[in-house]
Amino acid sequence: MIILGIDTSCDDTSIAVLDGYNRVLSDIVSSQVEVHALFGGVVPEIASRKHLELIGGIYREALQKAGVSDRDIDLITVTNGPGLIGSLLIGLSFAKGLALSLSKPIIGVNHIEAHAMSIFAERYVDFPYIALVVSGGHTVIMVMEDFCRSTILGTTRDDAAGEAFDKISKYLNIGYPGGKVIEDMAKKGKRDAIAFPRPMITEDNYDFSFSGLKTSFLNYDRRYGVKEEEIPDLLASFQESICDVLVSKTIKAAKRSNIKRIVVGGGVAANGRLREMFFEKGGENGLEVIFPSHRLCGDNGIMVAVTGYFYFQKGFVSPIDMKAYSRITLTG
Amino acid sequence: MEKREFISKGPSETWEIGELIGKKAKPGEMYGLYGELGSGKTQLVKGMAKGIGVKDWFYVTSPTFAIMNVYEGKMGLCHVDLYRVQSQEVEDLDLEAFLKDGIVVIEWAERTDWEGDMIRVDIEVTGEEERKITVTRL
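In the order they appear, the protein sequences are chains A and B. With numbering that gives the first Met the number 0 applied, the first sequence covers 0 to 331. With numbering that gives the first Met the number 0 applied, the second sequence covers 0 to 137.
One should not assume that every hint holds.
[As the list claims (entries may be wrong)] Listed below are the simulated SDA-like cross-link pairs for lysine to any residue, each with C-alpha atoms no more than 20 angstroms apart in a straight line:
hint, chain 1, residue 1, chain 2, residue 2
1, B, Lys2, B, Thr125
2, B, Lys73, B, Lys99
3, A, Lys169, B, Glu109
4, B, Lys8, A, Arg221
5, B, Lys8, A, Tyr219
6, A, Lys322, B, Leu36
7, A, Lys322, B, Asp93
8, A, Lys322, B, Glu71
9, B, Lys8, A, Ser208
10, A, Lys179, B, Arg83
11, A, Lys322, B, Ala96
12, A, Lys322, B, Val69
13, A, Lys169, B, Asp93
14, A, Lys254, A, Asp203
15, A, Lys186, A, Arg148
16, B, Lys54, A, Gly153
17, A, Lys313, A, Arg148
18, A, Lys169, B, Tyr33
19, B, Lys131, A, Arg221
20, A, Lys169, B, Gln85
21, B, Lys8, A, Leu217
22, B, Lys99, A, Gly85
23, B, Lys8, A, Pro196
24, B, Lys54, A, Asn204
25, B, Lys8, A, Arg222
26, B, Lys54, A, Asp206
27, A, Lys169, B, Trp107
28, B, Lys54, A, Tyr324
[What the hints assert, rightly or not] The following label-pair restraints were derived from C-beta to C-beta distances:
hint, chain 1, residue 1, chain 2, residue 2, range
29, A, Lys169, B, Leu98, 24 to 32 angstroms
30, B, Lys23, A, Arg255, 38 to 46 angstroms
31, B, Gly126, A, Asn172, 22 to 30 angstroms
32, B, Gly115, A, Lys313, 47 to 55 angstroms
33, B, Asp112, A, Arg122, 46 to 54 angstroms
34, B, Lys73, A, Thr201, 34 to 42 angstroms
35, A, Phe315, B, Leu98, 31 to 39 angstroms
36, A, Gly271, B, Asp100, 25 to 33 angstroms
37, A, Gln63, B, Lys23, 22 to 30 angstroms
38, B, Glu90, A, Lys322, 20 to 28 angstroms
39, B, Gly126, A, Gly55, 48 to 56 angstroms
40, A, Lys189, B, Lys23, 16 to 24 angstroms
Think of the hints as simulated: they come from the structure by calculation, not from any bench. The beta-carbon is built from N, C-alpha and C at its ideal position, and this holds for glycine as well.
Please build the complete structure, drawing on both the sequences and the hints.
What follows is the structure in structure tokens.
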């Protein structure tokens, strides 16, 4: 079964072609070097216009690399939320056009659930499991009860974890992407050099707040002034605080729900210290912690196809007039 | 010109000030937020959301990555963050469309070249937790 997976929820235009849920035939993401070459080197930054310019070329590239033609596609899957509406609409409209012209079923996929399911492209995981989806735009803990059945336990109330990394690296002017730069510099620093707060770590819920941590960092600079030589210590301590909160709250969710497995997804799941701490503390608590490979952590079309595949197996198909939505609603 | 000044002693007071601003908001208004990193711009919008009756105002989050988040209360609230956006891309966001039935609040408003009316909100860091918030209506 040939599945097309499309994601245009944020900056990247991503399209993958899968055969079934775990055979990846092609996987194109607009930030990849080859795509830059494909468009003469200049790819416009952000905004829906970029997706519009790229999506046709990326679709053709994905089919070509997969060695399939339009007619071979059996199922079209596409992220329809959450994300920037203007960007989502490019992917969604493109997918609808394909579905209509090829007379194939279409399935709208939730971007967060897709991150929580991306692991299936590499290995099977038994349900139930706790998923932590942590990226530049999201920090969500959810219970994955079964295929197509999940409940959100908590989310950030202000900044996402990846956003905290990016904003601090931009503030210190140490380079991009923030998460990677901080991880590298933090390796040379002492994790307990500065006692940054662990926001909401003891509160009886599964929500996060990283905005106050960012402010603590800024206040440290205002109070003492950040000296060049102490940046590794500061970053190691800052990263430790973020990882500590993420790991503690996710493990608490697993223990309280009496669930033995944790799957971590999203861009921040590529962070080495987060992986290390999860394996260590997960082990102490008798929990199995599973990370997808780095390739599946960032936004991609594979996870959309994987998630859509299982919905299709359960008999779901989306109406052709489905809408894009900007955010997940947690209450009422 | 009408100018109002508030002093906030911390995030929860910033919510309260935002709530007051939100309660007075009318559809069609554009709010521009000016303040450095960590000054509490998103916290103020959280309060504004409460003021206009957004049920899950507590989960108003930073739109830095999403660029725009849309909420529904007694009127619409379009929460925009131009931190990652180039000024020439602002028109792609079609903000005018949101002003018909609601308000638009822009973080990092210095990056827009919006020429219509804008209520300016300055958040000044006056201490580790303390902020001076000034609302200016032209």
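Quick rundown of the hints versus the structure:
Straight-line distance between C-alpha atoms of lysine 2 of chain B and threonine 125 of chain B comes to about 19 angstroms, which keeps the hinted pair within the 20 angstroms bound. Taken as a hint, the lysine 73 of chain B and lysine 99 of chain B pair is honoured in the structure, with Cα atoms around 13 angstroms apart against an allowance of 20 angstroms. Taken as a hint, the lysine 169 of chain A and glutamate 109 of chain B pair is honoured in the structure, with Cα atoms around 18 angstroms apart against an allowance of 20 angstroms. A threshold of 20 angstroms between alpha carbons decides the hint, and for lysine 8 of chain B with arginine 221 of chain A the separation of about 17 angstroms falls inside it, so the pair holds.
Of the pairs offered as hints, the one joining lysine 8 of chain B and tyrosine 219 of chain A holds, with about 18 angstroms between alpha carbons and a cut-off of 20 angstroms not exceeded. Of the pairs offered as hints, the one joining lysine 322 of chain A and leucine 36 of chain B is violated, with about 34 angstroms between alpha carbons and a cut-off of 20 angstroms exceeded. The suggested pairing of lysine 322 of chain A with aspartate 93 of chain B holds, with an alpha-carbon distance near 18 angstroms, which does not exceed 20 angstroms. Taking the CA atoms of lysine 322 of chain A and glutamate 71 of chain B, the gap is near 17 angstroms; set against the 20 angstroms cutoff, the hint holds.
Proposed proximity of lysine 8 of chain B and serine 208 of chain A is supported: the alpha carbons are some 19 angstroms apart, at most 20 angstroms. Distance restraint check for lysine 179 of chain A and arginine 83 of chain B: the Cα-Cα separation of roughly 18 angstroms lies within the 20 angstroms cut-off, and the hinted pair is therefore satisfied. Of the pairs offered as hints, the one joining lysine 322 of chain A and alanine 96 of chain B holds, with about 17 angstroms between alpha carbons and a cut-off of 20 angstroms not exceeded. For the given pair, lysine 322 of chain A sits about 14 angstroms from valine 69 of chain B by alpha-carbon distance, which is consistent with the 20 angstroms threshold.
With a C-alpha separation of about 28 angstroms, the suggested pair lysine 169 of chain A and aspartate 93 of chain B falls outside the 20 angstroms cut-off, and the hint is violated. Between lysine 254 of chain A and aspartate 203 of chain A the CA atoms are separated by roughly 13 angstroms; this keeps the pair inside 20 angstroms, and the hint holds. Our distance criterion of 20 angstroms between C-alpha atoms is broken by lysine 186 of chain A and arginine 148 of chain A, whose separation comes to about 39 angstroms. Restraint check: the Cα-Cα separation between lysine 54 of chain B and glycine 153 of chain A comes to about 17 angstroms, which is no more than 20 angstroms; the hinted pair holds.
A C-alpha spacing of about 11 angstroms is found between lysine 313 of chain A and arginine 148 of chain A, which places the hinted pair at or below 20 angstroms, so the restraint holds. This hinted pair checks out: lysine 169 of chain A and tyrosine 33 of chain B have alpha carbons roughly 18 angstroms apart, not beyond 20 angstroms. Taken as a hint, the lysine 131 of chain B and arginine 221 of chain A pair is honoured in the structure, with Cα atoms around 17 angstroms apart against an allowance of 20 angstroms. Of the pairs offered as hints, the one joining lysine 169 of chain A and glutamine 85 of chain B holds, with about 16 angstroms between alpha carbons and a cut-off of 20 angstroms not exceeded.
Taking the CA atoms of lysine 8 of chain B and leucine 217 of chain A, the gap is about 17 angstroms. The hint holds against a cut of 20 angstroms. With a C-alpha separation of about 18 angstroms, the suggested pair lysine 99 of chain B and glycine 85 of chain A falls inside the 20 angstroms cut-off, and the hint holds. Restraint check: the Cα-Cα separation between lysine 8 of chain B and proline 196 of chain A comes to about 19 angstroms, which is no more than 20 angstroms; the hinted pair holds. For the hint linking lysine 54 of chain B to asparagine 204 of chain A, the alpha-carbon distance of about 19 angstroms falls within 20 angstroms, and the restraint holds.
Proposed proximity of lysine 8 of chain B and arginine 222 of chain A is supported: the alpha carbons are some 18 angstroms apart, at most 20 angstroms. Restraint check for lysine 54 of chain B and aspartate 206 of chain A: the C-alpha separation of about 17 angstroms stays at or below 20 angstroms, so the hint holds. Between lysine 169 of chain A and tryptophan 107 of chain B, the direct Cα distance comes to roughly 15 angstroms. Compliance with the 20 angstroms bound is thereby established for this hinted pair. With a C-alpha separation of about 17 angstroms, the suggested pair lysine 54 of chain B and tyrosine 324 of chain A falls inside the 20 angstroms cut-off, and the hint holds.
Between lysine 169 of chain A and leucine 98 of chain B the beta carbon distance is about 30 angstroms. The supplied range of 24 to 32 angstroms therefore holds. In this structure, lysine 23 of chain B and arginine 255 of chain A meet the distance hint of 38 to 46 angstroms, their C-beta atoms being roughly 42 angstroms apart. The supplied range of 22 to 30 angstroms is met by glycine 126 of chain B and asparagine 172 of chain A, whose beta-carbon atoms lie about 25 angstroms from each other. Checked against the hint of 47 to 55 angstroms, the pair glycine 115 of chain B and lysine 313 of chain A passes, with Cβ atoms roughly 48 angstroms apart.
A hinted range of 46 to 54 angstroms holds for the C-beta pair aspartate 112 of chain B and arginine 122 of chain A, which are about 50 angstroms apart. Checked against the hint of 34 to 42 angstroms, the C-beta distance between lysine 73 of chain B and threonine 201 of chain A comes to roughly 36 angstroms, which is consistent with it. The hinted window of 31 to 39 angstroms between phenylalanine 315 of chain A and leucine 98 of chain B holds, with their beta carbons roughly 37 angstroms apart. Taking 25 to 33 angstroms as the suggested C-beta distance range, the pair glycine 271 of chain A and aspartate 100 of chain B does not conform, at roughly 47 angstroms.
Here the CB-CB span from glutamine 63 of chain A to lysine 23 of chain B is close to 57 angstroms, at odds with the stated 22 to 30 angstroms. The hinted window of 20 to 28 angstroms between glutamate 90 of chain B and lysine 322 of chain A holds, with their beta carbons roughly 23 angstroms apart. A hinted range of 48 to 56 angstroms holds for the C-beta pair glycine 126 of chain B and glycine 55 of chain A, which are about 53 angstroms apart. In this structure the supplied range 16 to 24 angstroms is violated for lysine 189 of chain A paired with lysine 23 of chain B, their Cβ-Cβ distance being about 49 angstroms.
The earlier numbered hints that this structure contradicts are 6, 13, 15, 36, 37 and 40.
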